[in-house]
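The task is simple: from the sequences and hints, build the whole structure.
Protein chains in written order, with our numbering: chain A, 179 to 616; chain B, 179 to 616.
None of these hints come from the bench; they were simulated from the model. Treat the hints with care, since some could be wrong.
The list treats identical chains as interchangeable, and a pair is accepted whether it falls inside one copy or across any two copies.
No farther apart than 20 Å at their CA atoms in a straight line, the calculated lysine to any residue pairs in the SDA-like style are these [as the list claims (entries may be wrong)]:
1) K293 to P435
2) K203 to T241
3) K375 to L474
4) K203 to V409
5) K515 to N488
6) K203 to A238
7) K517 to S505
8) K293 to D231
9) K515 to D526
10) K203 to P246
11) K203 to D243
12) K203 to D242
13) K375 to E426
14) K517 to L474
15) K203 to L249
16) K203 to L236
17) K471 to D526
18) K203 to V412
There are 2 protein chains.
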Amino acid sequence: MRAMPNPLVVMKFGGSSVAGAERIKRVARRIARERTNGSDLVVVVSAMGDTTDELLALAAAITDDPDPRELDVLLATGEHQSATLVSMALQAMGVAAISLTGPQAGITTDGRYGKARIAGIDPRRVRAEIGAGKVVIVAGFQGMSVAPLEAMDNSPTASDVHAAEMTTLGRGGSDTTAVALAAQLGADRCQIFTDVKGIYTADPRIADDARQLPVIGYEEMMELANQGAQVMQVRAVELGWVNDVVIEVLSSFEDAPGTLIKEDLLVEQRNKVRGLAHDRNVAKITLVGVPDKPGLARSVFGPLADAGINVDMIVQNVGHGGSTDLSFTIPRVELAKAKRLLEPMIRDLGLADITTDSSVAKISIVGAGIQNAPGYAARMFGTLADEGINIEMISTSEIRITTIIAEDRVEDAVRALHAAFELEQPESEPAGAAAAAG
Amino acid sequence: MRAMPNPLVVMKFGGSSVAGAERIKRVARRIARERTNGSDLVVVVSAMGDTTDELLALAAAITDDPDPRELDVLLATGEHQSATLVSMALQAMGVAAISLTGPQAGITTDGRYGKARIAGIDPRRVRAEIGAGKVVIVAGFQGMSVAPLEAMDNSPTASDVHAAEMTTLGRGGSDTTAVALAAQLGADRCQIFTDVKGIYTADPRIADDARQLPVIGYEEMMELANQGAQVMQVRAVELGWVNDVVIEVLSSFEDAPGTLIKEDLLVEQRNKVRGLAHDRNVAKITLVGVPDKPGLARSVFGPLADAGINVDMIVQNVGHGGSTDLSFTIPRVELAKAKRLLEPMIRDLGLADITTDSSVAKISIVGAGIQNAPGYAARMFGTLADEGINIEMISTSEIRITTIIAEDRVEDAVRALHAAFELEQPESEPAGAAAAAG
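In structure tokens form, the structure reads like this:
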């Protein structure tokens, strides 16, 4: 895809990979080896270990309600630090390197503090440093927004002063930085180094025989990530999909092939469940005795959205006598805030009651073949029934079936479903698939 | 000096003043009180507590020889963090505030990593934020250098890319940031908050009756700082002198008047020793049997300067029989490096030997009146002789007399000289001086 002689690889290392001097040196050795293999390299790093949490704790010790602009400048320092240290470690090994902040790397954002989206990348400085023979280390999770300064109106001598502001991309934003740079630079591959070896059929800490997938499609990966598999950010996968970036998830601690996330041309032939995802960060809210009249959904979900509470599954039960029950799930950490918002509405909305349950969990089967095979739903529900696990809610998409169950049965459910769908068995893929994944 | 209605004050808080959340809140209360008094405020902060040393230790754990460019990005994060936290603390108290990095505050430098000098300040953003009613918190110790990118020559599409680079001003650089901002903004006063109450006639930990000076001239302050008084950076005092910035040194922990550093019009009338300074970070090197021929000084001091070793006092003794002894002092921490440089030269230079002494100290009397009163030198040397303290070297300037003595006698010397020059006695200043200092 590129006219330049060397292949270009973007490598991203997360916080646990750069936690402390020894791990930084190990990461540098890994980068140096890749460089010796003849690749041009752009390396994206997160903040070291718990740095981001420590900075948040420091801000929390000062104020309950930190200004998002100030918080972004504070948090961005974590990635500045790790980027410089990785660059120093490479230089100490004789590898030419330079660290760039997100703004120096030409990454601009839409300016929404704490949850900015990348608006564009001016790749010229990165390309110039690569052209000068350097490994370019980019501070992840951040970019610059440029906006006219509000106060300018009163300052006639300063009409060309603009406010270049640091913005951060939200949790996991370094994945997005890496994929966006890979897309903009036309990289041959984007490698995401993590503390797991790749994408598994289920959480290997629960299912002993969980199997690493050699390859997975973008859409399947997005569903898995959305449903609780915490290996990679949904946004980054989506960005890779839109820009056709081949992403590899692999271990920063072991030297082994990872999982490729790419356009999966074998989906139609495969017709199979690819993996399970589960999520314990779930609470269920039920509005009891909802009057059958228009506008109620807006009255309930509008304020939750305004408060930044992400509503996931919504199920409206069959009504009896003009009223019905409406259940939905939210992240468990938001339950207290949601109750404070909703309980004052009981009278206004004419509800009988609001009940909550914070001891539920979500479990999903994901596979691009599900849409063509109605038997999968029956097998999933039957397997859970055989285990004596009650299904509280169901939701489906074209490539996913999700159920809400009691949290204390989630590990039993993972193991039973893993066996029922024979996920421990290597897939019998058509010839050529193994080569594509290698 | 300014047309705006509110007085403008620049306040600078050092690392110990912002070490941790509680101290940051205390600093914020102090700033808020000053704001309530009706001043427009620009606040310069250093990195919290030991942050800079911790970052240096982290870099040292990665490499013995960190790239100065990377080190500057790393160190600058310390001031970014403290600036955002002070801003958050002010906002939590209802005081409108905004933090700016050195580059955002318009501070540009000459681009020398680790020891940059301020090249200019574009004050428009700071002025605009003040105009918007905000207290402006500026990250000290840093600025931006802008230079064309070297790699550009090979990159025809990127001919307008410039490299905006973070540079730091060296130890104590936040003092310089504060004074430079005060000069550029035409501030009414520049307050340097420290862990001492002001400038003293001698180190009060040694001389019990050391007295705080209400006012001191720029030149006297520079001599005191140069000779070991560690309250304020020499460069910042010099910058204040050139720009006529009134500087106040005062305690960040106590609410008491400090010492004003300003043009001292009373010097000619005062004619008095103002204070003592001493410095233990001294080593003496003696070149024994130096041949009496030209060029030797350059052969010795050239390589020391190239190695960044600051030579202080130089004394050449009277020669006997065509050769002489040459003694000079350097910072004690540089002694090992200096010996490695000089010892291979013994044969080439025709020296008899090189001897070193790292158990010496420097003690100085400083006062603008000294130049008109030759009796001060005699009184200083006589006082040391009465105490049985041997003088190893002597150096004088127009407003200072410095001696090198044995380090284990330095405290005796401070106390004896403090008494001999009656420094514990308040000065009988002409009317008006007390008001000027208040």
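*Hint check against the structure, violated hint numbers in rising order*: Violated hints (numbers, rising): 1, 3, 4 and 18; every other hint is consistent with the structure.
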